[in-house]
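**Student:** Residue strings, one per chain:
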Amino acid sequence: MTTSDTVLSCENVTLAFGGLRAVDDASLSIQRGTITGLIGPNGAGKSTMVNILSGQLRPQSGRVTFDTADVTGFQAHRIAQRGLIRTFQLSSEFARMTVLENLMVAPRQTGERFWSAVFYRRGWRDQEYELLARAENLLREFGLFSLADEYAGNLSGGQRRLLELARALMAEPRMLLLDEPLAGVAPGRTGQVIDHIVQINQGRSVTVLIVEHSMEVIEQLCSTVLVMIQGQVIAEGSMQQLRENPRVLEAYIS
Amino acid sequence: MNWVFYATTLGTVFFINLILILSVNLQLGLLGLPNLSFIICLGAGAYVVSIFSLGPAVPGSLQQYFFGAFLPFPIPLILAALVGVAVAFIVGALVLYRMRGHTLAVITLIIVLVVWSVINGTPNFLGGANGLFGIPQPFHSLAGTTLGYGFVFLGYVAVLGCLCFVFNQRFFKSPLGRAARALRENEQAAVALGKDAYRIRLIAVMCGGAMAALSGALLAQYSMIWTPSPWSLDEVFPAIGAMIVGGRGNNWGAALGTFFVSIVIGQGIQWIPFVSSDPGLGSAVQWIGEGVIFIGFLWFRPRGLLPERKARWDHSPRRVGAFGEADGSRPGEGVRPLERSGLVSDSAVSA
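Sequence order for the protein chains is B and W. Terminal number for the first sequence in the working numbering: 254, no gaps in between. Terminal number for the second sequence in the working numbering: 351, no gaps in between.
FYI, nobody ran anything at the bench for these hints, they're computed from the structure. Heads up, some of the hints might be wrong.
[Claimed, not checked] Pairwise CB distance ranges, derived in the manner of DEER restraints:
1. W/Ile110 x B/Gly19: 32 to 38 angstroms
2. W/Leu233 x B/Gln199: 53 to 59 angstroms
3. B/Thr110 x W/Leu233: 39 to 45 angstroms
4. B/Arg78 x W/Phe133: 47 to 53 angstroms
Note that the structure is predicted; figures quoted are calculated from it, not measured. Note that the Cβ used here is the ideal one computed from N, Cα and C, for glycine as well.
Based on the provided sequences and hints, a complete structural model is requested.
**Tutor:** So this is what it looks like as structure tokens:
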């Protein structure tokens, strides 16, 4: 079911840890421009799947395709450089760096080459100012501007989540993989994070795959939802359709 | 006269140590890499500068080494730095791909012990335990007397020390240094943003290797003798300690830590009355003193005398925004930050 509008897909991917097949012959495909949800009970293999798609783990068999290119077995940083950026279940800010600096790390830049960094600063100075301007605009958008010079480690749970989203956007992704982006956010603040995810998808036309436990959030955000159970993707559709799907019901009830 | 000699000696020791501690700061301070094999690079630099300036070994003489050449001044020093890079590359390529943290420290510690034992126990290779002596010093024609030469040598190490300092500063303040710090803070997240951890680590280890080798080469030239003891494991921990005392990740801290450990403690010990009368006691008291101070710093002030600073951008338009916020208006409304700060025209003029 791979079509020309598929941005990320995997076919028959398997990864076993010892005797446990965390992901077992799973296939999925994600349409460009959508917000797709990935749900499933604990231990269904969602996080392993995200780790395979983003290159943190290498599948034992199967194929991963991103933007028509086969990226199976690519190292994580190479997949990220192609525009597939992920976030983590545990917030992963650079604690002893300022909020602004956290954002400045994200883009791929000339000044990361050794010779340019040390011996030819003029080669990256202008780019640095452009990135600063972009980073500051993003901080404004996410309401973190007044914290620009604060150490990221001093932020609250919700602010860290926003920072992570802003940092991911700074890398100019074509697609985002959000692994439980609401974990650690105070209940009253989740709406803000959700609004930003919608804005990222619609305003910037970034495709989003989101792993989340809360069905309300998934229903609110996602047009398409994938259900994983025991390492396999067993169903795909809108929440409405999934509620009527006997396999899904069975898995969630049993 | 004596005081002047004393001061030049201390200055020379300071700059030679500074280069080594900058190397440690680049690896352990900036990247959090506990790579102890920098001491092998220090030894390698010293041996290279020795055998390339001592001339071919004379059969039957007291010191024996496997090769020998007589090359004019800057070449042995450059070769020393290059060999330092090569050694760091070999060790780095072997260990950096899979190892982190404590594992890395233990493995590089073992590598140090193996290499050290092999060289110490092979008399014909690089002098073995006897070492090498009579290592020529550069720029001798510039000064007639011993005192005069002390100044010349001080100038020579000061220039190289300052160059290494500037190198480190530029590295730390570049986007490359920023990516390195991100790797230290959270490797997984930095990789997920597209940073190649292996490449960045290897670059830092190779630059650190070059600086350690340079420091060793200068030390060999200064003392004119090179044996396995100045690059033994005993020398690893004072270097790391100096960086911790000064402030990891801050080059000014590295300089302050160098001053504190190699000058204040190293020399201060000699002024304690009961130590100065008993030469054997000196090194023991120094070890105890250093140990107590390092542990004290780790306990009470782990970020050192001069902690790593927050990143600042000189002409940051942010300050304009901050003032805007203070008087109630929304910052950056409708104006691009580059234009507000005048950066656009600044860079246009300078370009």
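**Student:** Work down the list of hints and note, for each, if the structure agrees.
**Tutor:** Checked hints:
Hint check: W/Ile110 to B/Gly19, Cβ distance near 35 angstroms, so the stated range 32 to 38 angstroms holds. As the Cβ distance of W/Leu233 to B/Gln199 is approximately 56 angstroms, the hint placing it in 53 to 59 angstroms holds. Between B/Thr110 and W/Leu233 the Cβ separation comes to about 40 angstroms, which falls inside the hinted range of 39 to 45 angstroms. The supplied range of 47 to 53 angstroms is met by B/Arg78 and W/Phe133, whose beta-carbon atoms lie about 52 angstroms from each other.
Violation of the numbered hints given earlier is absent; every hint is satisfied by the structure.
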